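Student: As a plain string of letters, each chain reads:
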Amino acid sequence: AVSPGVLPLCRQPPAWGRAARRSSGLSLAPCRAFSNNKILVELDESSGVATMKFKSPPVNSLSLDFLTEFCISLEKLENDRACRGVVITSNVPNIFSSGLDITEMYGKSTEHYAEFWRAVQEMWLRVYGSNMVTIAAINGSSPAGGCLVALSCDYRIMVENPKFSIGLNEAQLGIVAPFWFKDTFVNIVGHRVAERSLQLGSLHPAPEAHKTGLVDELVPEEKLQERAAAVMAQWLALPDHARQLTKSMMRRAVLDRLVAHREEDIQNFTTFISKESIQKSLRMYMEMLKKKKH
Amino acid sequence: AVSPGVLPLCRQPPAWGRAARRSSGLSLAPCRAFSNNKILVELDESSGVATMKFKSPPVNSLSLDFLTEFCISLEKLENDRACRGVVITSNVPNIFSSGLDITEMYGKSTEHYAEFWRAVQEMWLRVYGSNMVTIAAINGSSPAGGCLVALSCDYRIMVENPKFSIGLNEAQLGIVAPFWFKDTFVNIVGHRVAERSLQLGSLHPAPEAHKTGLVDELVPEEKLQERAAAVMAQWLALPDHARQLTKSMMRRAVLDRLVAHREEDIQNFTTFISKESIQKSLRMYMEMLKKKKH
Amino acid sequence: AVSPGVLPLCRQPPAWGRAARRSSGLSLAPCRAFSNNKILVELDESSGVATMKFKSPPVNSLSLDFLTEFCISLEKLENDRACRGVVITSNVPNIFSSGLDITEMYGKSTEHYAEFWRAVQEMWLRVYGSNMVTIAAINGSSPAGGCLVALSCDYRIMVENPKFSIGLNEAQLGIVAPFWFKDTFVNIVGHRVAERSLQLGSLHPAPEAHKTGLVDELVPEEKLQERAAAVMAQWLALPDHARQLTKSMMRRAVLDRLVAHREEDIQNFTTFISKESIQKSLRMYMEMLKKKKH
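Chains as they are written, first to last, in this note's numbering: chain A, 1 to 294; chain B, 295 to 588; chain C, 589 to 882.
A hint or two may mislead.
If you want the footprint, here are the derived chain B segments under chain C, 3+ residues with CB under 8 angstroms [as the list claims (entries may be wrong)]:
id	stretch
1	465-474
2	479-491
List of simulated lysine-lysine pairs, BS3-like, C-alpha gap at most 27 angstroms [to be verified]:
id	chain 1	residue 1	chain 2	residue 2
3	A	K292	A	K55
4	C	K799	A	K211
5	C	K878	C	K751
6	B	K347	B	K370
7	B	K585	B	K402
8	A	K211	B	K586
9	C	K643	C	K811
10	C	K868	C	K879
11	B	K505	C	K799
Hints are computed from structural coordinates only; laboratory data are not their basis.
Since the model is a prediction, treat every value here as computed from it, not as a measurement.
Here a beta-carbon is modelled for each residue, glycine too, at the ideal position from N, C-alpha and C.
Work out the full structure, taking the sequences as your base and the hints as a guide.
Tutor: Written out as structure tokens, the structure is:
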């Protein structure tokens, strides 16, 4: 996907290098081994468009394993000349992604929290900074980190079902969205909508999400993939080089901000999540989720 | 209102300390003495919601005395564990607040201008940086500094009467809104609406104010307090700690900018307002207001 | 147009001085010689409003000569006490301006590219930083640099003909809009609309341009000049001094950014445009335009 001479949007040699990746818990095992695990990746070489389908039931939660596979799959596509765009969607009914896996944030070691958070950062840096055209085909609910995945794409199409909702609802759980979640959100919906939505931890039903600009369009479920392909074709009609440089110009400030404060952000996360009060909140939340199931 | 471990949004020890406050003209007299003077404060301990009613006829103008009482009342609520939110409204028919008291800016000493301006800054730092949920229930017109008070809250509900208008109309008087008035405005309506509205010194009738996003919703006058209570309950449903940290994340950059340039901003104001041409403009404006009354 | 004591919005003594202008290729020949060449300038001294009509058929492209004349005409009006506002419109049917003249960017010397780019920058600094009220009366299509001229004004009125389109479509040509084109655009339509529109190189038909906020209003062609005059009267009702300072407060950050990086921006442009691949793209584009004509 990278034309010669076009650097990835996030130039940061150590973080993107093999050594840094190893130390961050991402190993470079062959891609095929991962591809049929939690994410199904199909590349149509004739159109240059890949589809990534999240298939990690029950709710496509972003565990450390999922994030690792996601990053490796993205990197593989990014480096594949035959691939110019990727559609991200879900293979699980009614859910796009439920967001960060709470079990990774509860009752673990500080080292584990740090490793997990680095993988969350890595995922965002790769999606938001991708040189490929990225389209989120949102076929289910998408709270918190699931919403972040969608926000980091170039374009968002959501199934018009009002039972599906999307938003950065961290405040509802007693936690705070990191500044780079916020920056990504503000870039899309503006400061005022973001301020209110983040403080209230709002989950916006699809029609409201469309009205506020959180998603770009709504379609009936049976039209979703067809529409994603049509939008992709429209974006791929542009010369890659000019489009990539333009995207970088729009996003670099926000990407650079995390890159500059990455270790500090990991430190903040591990300190915050290790607090007794926060661990207690998470335990209560998990218990509530368990009861809901029964 | 401040949970243990949650710092006020504006951490700036000297400026918030007793000494700084004394030198800025705000004395720490007992609150009760002020509460029944220019602002009526009622705290409902069962809901944790206070109501501040401006009752400084004829137009609730923001005089030095008014601002002093306003800041002390806010500080008292901020430090009261029983209080989590405040509704700001007017007890004077047809006017929310007419804004800064022009008599404080005309024919006085440089020292007086400086003291007055510091009090205006202090008021904004306290409202925009409050840890409490702040809702403006705008039951009358609200030009200039009156608009700033509303803009600094978390949510704005305005009576739908098109005779009531709101806006930063400083340019109409030949003066310029300070950068932090502008920053607050841009955070709500975006750069373009702010640029046009500030250059034209627009006063937006309630329906237009709603359309541009300057206020969040319109209600009939008799429903105003009921609706404010309902919105407050919605905001108070969130855990204070997460909501406060989120609010701080959204507002800190703009708050810090004034804190960093506070003395310079006072200097700019006193120099500007002392100019013969500006003093003349204000005199003509006051004479026009007097004639209007007769 | 400049009241005593009011500095032009862009204070940068060397760049605005006579010497700097000479070295940038702009000579200070008497204005009248230019005024009847590519731009028709009429000043109505009773209203204080000038009209600039682009009359450089076939498409009012922004050549070095055109830009030089444009800057000198603007400077003359800026320094004329009798002039407080300017309406910018086209004298050529169906086109406002086609943008930068591609022939200035193809097959020329590095020195020529640098001289040309400095003139483009100078034009933007003068229009976006003007102390006058500037209204674009857009009576035809306005791609790329033509769009930039309109975006740099205080207000945009466009003929409601859906055959007329406007946008920063650089990406379509394989090139990238400079950061200050982008900054100007973001200030008007916000980050999200700008990101999408710039990446797709969108040319928005008039109704869509209005809906996205790229233009402020649409009128029938026969009402355009009348409406421009009415809007101008509304803006001129404000005291010049307060309006100018407010405009400066809103625009200075973006203006200062180019001023601080001006030479670097010229260097980037000349390097980019000199690339063989870009020269090839431009040649193909020019050949396509030629074929279209026949």
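Student: All hints are to be evaluated individually against the structure, with a verdict given for each.
Tutor: Hint check results:
no., hint, in the structure
1, 465-474, "holds (count 8)"
2, 479-491, "holds (count 6)"
3, A/K292 / A/K55, "holds (22 angstroms)"
4, C/K799 / A/K211, "holds (14 angstroms)"
5, C/K878 / C/K751, "holds (21 angstroms)"
6, B/K347 / B/K370, "holds (15 angstroms)"
7, B/K585 / B/K402, "holds (23 angstroms)"
8, A/K211 / B/K586, "violated (44 angstroms)"
9, C/K643 / C/K811, "holds (20 angstroms)"
10, C/K868 / C/K879, "holds (17 angstroms)"
11, B/K505 / C/K799, "holds (14 angstroms)"
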